[in-house]
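As a plain string of letters, each chain reads:
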Amino acid sequence: MAEATKLIHKYLRHDKKFPHVWCPGCGNGILLGSLIRGIDRTGIEKDDIVIVSGIGCSGRLSVYVDFNTLHTTHGRALTFATGIKLANPKLNVIVIMGDGDATAIGGNHFIHAARRNLDLTAIVVNNNIYGMTGGQYSPTTPYGAMAATALYGNIEHAFSIAELAVMAGAGMVSRGTVYHAAMLDDLIEKAILRRGFAVVEVMSHCHIQYGRRNQMGDAVEMLRLQKEAAVRAEKAAQMPAEEMMGRYTIGVLADRELPVYTEEYEKVRKSAKEMMQLVGKAESGDLKAADKRRKREAAGEADNAEI
Amino acid sequence: MESTQDSGRGAGKVPLVPKKNMAGEPSGNEDSGKAQFKIDIFRGWCKCCGICAAFCPRQCIRLDEEGSPQADCRKCTGCGWCELHCPDFAISVRKIEDAGRTTEDRA
Ligand SMILES: Cc1ncc(C[n+]2csc(CCOP(=O)(O)OP(=O)(O)O)c2C)c(N)n1
Ligand code: SF4
Ligand code: SF4
Ligand code: SF4
Ligand SMILES: [Mg+2]
Chain V
1 MAEATKLIHK YLRHDKKFPH VWCPGCGNGI LLGSLIRGID RTGIEKDDIV IVSGIGCSGR
61 LSVYVDFNTL HTTHGRALTF ATGIKLANPK LNVIVIMGDG DATAIGGNHF IHAARRNLDL
121 TAIVVNNNIY GMTGGQYSPT TPYGAMAATA LYGNIEHAFS IAELAVMAGA GMVSRGTVYH
181 AAMLDDLIEK AILRRGFAVV EVMSHCHIQY GRRNQMGDAV EMLRLQKEAA VRAEKAAQMP
241 AEEMMGRYTI GVLADRELPV YTEEYEKVRK SAKEMMQLVG KAESGDLKAA DKRRKREAAG
301 EADNAEI
Chain F
1001 MESTQDSGRG AGKVPLVPKK NMAGEPSGNE DSGKAQFKID IFRGWCKCCG ICAAFCPRQC
1061 IRLDEEGSPQ ADCRKCTGCG WCELHCPDFA ISVRKIEDAG RTTEDRA
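Heads up: the sequence lines are chains V and F, in that order. Taking our numbering, I'd label the letters of the first sequence as residues 1 to 307. Taking our numbering, I'd label the letters of the second sequence as residues 1001 to 1107.
What the hints contain is simulated information worked out from the structure, not anything from laboratory work. Built from N, CA and C at the ideal position, the CB exists for glycine as well. Do not take every clue at face value.
Simulated DEER-style distance windows between Cβ atoms [unchecked claim]: (1) V:P240 to F:R1074: 43 to 51 Å; (2) V:M244 to F:G1044: 42 to 50 Å; (3) V:K227 to F:R1062: 31 to 39 Å; (4) F:Q1059 to V:G144: 35 to 43 Å; (5) F:Q1059 to V:H9: 21 to 29 Å; (6) F:D1040 to V:Y152: 44 to 52 Å; (7) V:Y265 to F:Q1059: 52 to 60 Å; (8) F:R1074 to V:Y265: 25 to 33 Å; (9) V:P240 to F:Q1059: 34 to 42 Å; (10) V:T73 to F:E1066: 39 to 47 Å.
From just these sequences and the hints, can you work out the full model?
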């Protein structure tokens, strides 16, 4: 076995059932590899990592990796992650969500986690559909696309997860694809090392629930579509808008130093502690004085008694 | 293919290894002085998705009648694309260690 595969095995939970649950060729498996390589490159110890996932095909990822893991409820992965990070800021918390998970039921948590710039890594697997539950459309299903709940074509408009995260205030936002797996390793590593809310939107494919309904072919064909649609950020900046139609940018889209919620919260705690100490001192000063007074009075009474 | 280069494990980085036929290996690549690679497929985990076969830049992998990948190592450059993209961690490529010399073989 070559080093690359050995490395994967170092982080898999071998007591789980393999091959994993995902369909043949599913992008979630490729992402799992990238996540492991990205984490390994940061050099962070297994025990200092927490993987929190929601519910969906993508949410199954946390089951297979040998870190501290929490497989939570649909849409709420970020709320659990927030609690973990605030309780123990030393932990590196990585959240895995599906597009439905993060932007439909969990949409509010997502924008507010970004707005607060919580020190978390959020990986959103965007396969444009609710994969696990049978192909209902999600907020990222394109207009006109077919879905189990859009038999005449989707009449809603998709939004871009990465751009939403930029506008909501995330410190770092990037987009990758599972086709560009080596680049994805890199984006995940950067996101983990970044202080603040770091989002990686991962363009993936669900050929079973989405591709099949939309004549996009199998996993191989859908990977080809990713290759064609993705334009590196440096190149995209020079491309006319018409040429970018139907395409998307990959790479780091935003990277900015903003106050980080967890650090701001620490400052509040510190200030509050200092304040409480001052109050405590003042109170204990009062108490001491009162104590002396009491003693003096008691001594006086005793003197009087002797007379 | 861009990802191939991204992987940083291109054939260009591999030190020269004299042509040598390994027992049980295909007859090796014809140009002498090129590194040789062995492709291992773990059947227990392979789901026959065909990704490795479709994207190998040297067409080293073909799918048999059952859709199961069959590898021919002769043209493999060890680029690592298949290993990096297999969703099931079912394919692994390593350089064949030359018996007489220590090489960078990390397998
Ligand atoms: C509160 C709640 N509502 C609905 C569901 C049903 N449900 C499970 S997964 C899912 C959507 C999955 O889509 P996505 O988040 O995109 O993940 P994917 O399966 O595509 O990876 C839904 C609606 C649930 N489990 N819990
Ligand atoms: S249903 Fe779609 S997302 Fe879920 S495992 Fe199958 S291919 Fe992957
Ligand atoms: S990519 Fe992996 S699972 Fe798919 S056919 Fe090749 S070895 Fe099998
Ligand atoms: S490493 Fe894999 S993808 Fe690259 S040439 Fe060899 S068989 Fe093909
Ligand atoms: Mg989805």
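Structure versus earlier hints, numbers of those that do not hold, lowest first: Hints 3, 8 not satisfied by this model.
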